[in-house]
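Starting from the known structure of chain A, arrange chain B on it as the hints suggest.
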Amino acid sequence: MEFAEEEFAYLEGLIIQTWGSFITSRTTEGMKNLQEIIAIFEELFQYSGGGKNNTQNAYFYSMFNGLFKRMEDAMRIPDYILLGDLLKYEMLPLIKSLGTDPPSKDPGEGNGFAAK
Amino acid sequence: MSRIYNNNMGLLRKLNIDLYSKIKNMGTTDTSLVFARNGRYNLLKSFPGGAINIHSPYNPEEQALYMADWALGEKPDIVFLFGLGLGYEFKGMLKTNSNIRYFIVEPDGGIFRTALQNIDIKFLFSNHNIYFIQDDRYDYIVNFFAGLINQDKSVRIKFVVLPSYQVLYKELLDALYEHIKKLMNTFAVNFYTNMKYHRQWVQNYIANLKYLRNSCPVIKLSNTFKNVPAVVVAAGPSLTHNIPHLKKIANRAVIAAAGTGISILEKNRIKAHIAGAVDGTQLEENLFKNLEVNKSTPLFYSSNVYYKVPSLLSGSRFLMNVNGIDTFIHRKNGWEFYERYSALSISNIMMYNLSRLGCNPVIFLGQDLCFSGGKTYAEGAEEVKGSIDLKLYCVNDPNYLQTENKNGEPVYTNRPFLGMRDLLESCMKLFPGTVYLNGTRDGLPIKGAEDIDFNNYADNVLLKSRDNYQISEAIDGVFENHLKEVSNEEMDVFIKSLENDNDNIIEICRDIILCIENTEMEEEIKKTKVQKLERQLSEVPLFEKIIKELLSQIEYIYKNRKYLDYCRQIYAYVLDKSLIMENAFIHEVNGG
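Heads up: the protein sequence lines correspond to chains A and B, in order.
So for the first sequence, our numbering puts the first residue at 1; every next one is plus one.
So for the second sequence, our numbering puts the first residue at 1001; every next one is plus one.
Isolated chain A, as found in the complex (with noise of 0.2 Å):
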């Protein structure tokens, strides 16, 4: 599960500015981005086996569903502060962390937003 390297910069530019959105209640241009953002995971999710590849695709797939669901919940109120802060400080750090080694804790099973 990773990037290659321009896609990577594109995500990264892409989250900076949805989290810009947000923060600046451009709410529509950032649901717009977070739609795009998602469509990435779900292609990646999808060539990647879903996470049980590996062990280090299955603590990553559980990461991401984990914060999906922040992400979800915050929707849900709607907390577009946090929505935007938890794609600048918890996806993008997550991102940046694809490829390093997986923590030696059996990360267990993702929960709630799963990719389609």
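Keep in mind the hints are simulated off the structure, nothing from the lab.
Check before you lean on any hint, since a few could be wrong.
Computed beta-carbon distance windows for the label pairs [stated by the list, open to error]:
| no. | chain 1 | residue 1 | chain 2 | residue 2 | range |
| --- | --- | --- | --- | --- | --- |
| 1 | A | Thr-28 | B | Lys-1095 | 27 to 33 Å |
| 2 | B | Glu-1178 | A | Thr-28 | 14 to 20 Å |
| 3 | B | Pro-1410 | A | Ser-97 | 49 to 55 Å |
| 4 | B | Arg-1199 | A | Met-31 | 49 to 55 Å |
| 5 | A | Ile-38 | B | Glu-1549 | 54 to 60 Å |
| 6 | A | Ala-39 | B | Lys-1095 | 34 to 40 Å |
| 7 | B | Asn-1118 | A | Ile-38 | 36 to 42 Å |
| 8 | B | Asn-1025 | A | Gln-46 | 57 to 63 Å |
With a straight-line cut-off of 27 Å between C-alpha atoms, the simulated DSSO-like cross-links for lysine-lysine are [to be verified]:
| no. | chain 1 | residue 1 | chain 2 | residue 2 |
| --- | --- | --- | --- | --- |
| 9 | B | Lys-1220 | B | Lys-1429 |
| 10 | B | Lys-1226 | B | Lys-1247 |
| 11 | B | Lys-1024 | B | Lys-1122 |
| 12 | B | Lys-1181 | A | Lys-32 |
| 13 | A | Lys-69 | B | Lys-1170 |
| 14 | A | Lys-32 | B | Lys-1170 |
| 15 | B | Lys-1548 | B | Lys-1332 |
| 16 | B | Lys-1247 | B | Lys-1464 |
| 17 | B | Lys-1182 | B | Lys-1158 |
| 18 | A | Lys-32 | B | Lys-1158 |
| 19 | B | Lys-1158 | B | Lys-1122 |
| 20 | B | Lys-1496 | B | Lys-1308 |
For every residue, glycine included, the Cβ atom is placed at its ideal position computed from N, Cα and C.
Leaving out everything else, chain B in the frame of chain A:
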């Protein structure tokens, strides 16, 4: 209670005792102080659907700086900030630019009290460019905003809403946006109109003085039209459908042509009882040139109207109170007058004056407020207004907005039309006892005016009425009686006093500019001298009551300049206008 809270409340008590009492008597709030991930304060506001962060739960300062950059990126003159919270965003903006004005609304009492308990709020009162209210009442916020655009005369306003407030105060914000949009439509149109035409206006002000000896204040007609129906005839495309019925109603209602409406009536050989004119540009002359049927139609005018127009009609003339010089003329001559009313179009002004005179009902015709059938005017206006096919370019032009007319059909309109409608609607509210009927077949709906089919109304109400008013005779009678009361000598003295005032203005403005441009004089001495000359100028009635009003429309452009530079620009502007007026006195009033 904490020291911070006590200090803040002490400050609030000095500055705003009502707000102090409100906060002091507030019960428990649903806002709690929490910590962001970086250890800074944040607020969490609870509501039935959950709890919402007021600032970033990770890094409030980073969020605030981003917002500040975004908000100030377009270099606004004014920032209207909805939501204060703990003030991170506002402080970020203030740090980036403290020289612009900030209008801050904190609608949430609970949030404000929690802020008072935890942060020093001196920053809110540290700068004379900051205006703050804590209120969630629509009327208060709207008044606050209206005051802001009227005082500052600026259209560069940035609206900033904190994301959580957009969720918590959605309904209030929707209502505010709607109102602000209307205010901005009106303001933007007024602002650009004023800037464009000042030179022509001042020429008209003076050149029109020559008609005063043969003019009567509109208020003198106040007993003539009580409960007489009036039709305000504008020149919108729908008017074409009502021409045969307008011909028939004759003396069953006052037919008042507004602006281009007179051309359509003339073309169809219908004599109006009144023609209204206020447009200051030369184009207005085209409407009144070569009139035959309407040559002797009484004119309702303002001193602002293009100065050749009054001479093109041979009938009686009535002065309305539309601007500063109209009010000045009425006052100085001891004439009674209706409260001043100015609007974007002559239709609005005619509607106001007819309502004041007691006409009831007031019927709108040709008041389309949109391009019905892709047309700008009713048939017959081409000779004076030209012809354009709007269908060709409305579609892709952002200046044209698509909406629905009163029949539910899609039509194009624009901001000036919407501004006119807003003003019509607010004007109607001034006359709760008057019935307004919208007889414009394909026009936009007008709130407060009942939709009617004018042709049916004419057949079944106006033409069946036993009342057949002697309208023209009554108008002429009032006019003749007024002329008997007017003293030509007194009017000459009044006009001469204005000419003297103008000479004084020219002299003082020249002195100011010469003083500022004097390279040998020290700055402080220049300032003292200019201040003294400004005081002299403020004692000249023509400047104080008339020119100063025009000045208020342009002062904001130079407001950030240093005093002497500001004065140089402002008094050069005044000198320019006074020289135009001098010329009008010589050639138009004194016949030189």
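Provide an ascending list of the numbers of those earlier hints which the structure does not satisfy. none
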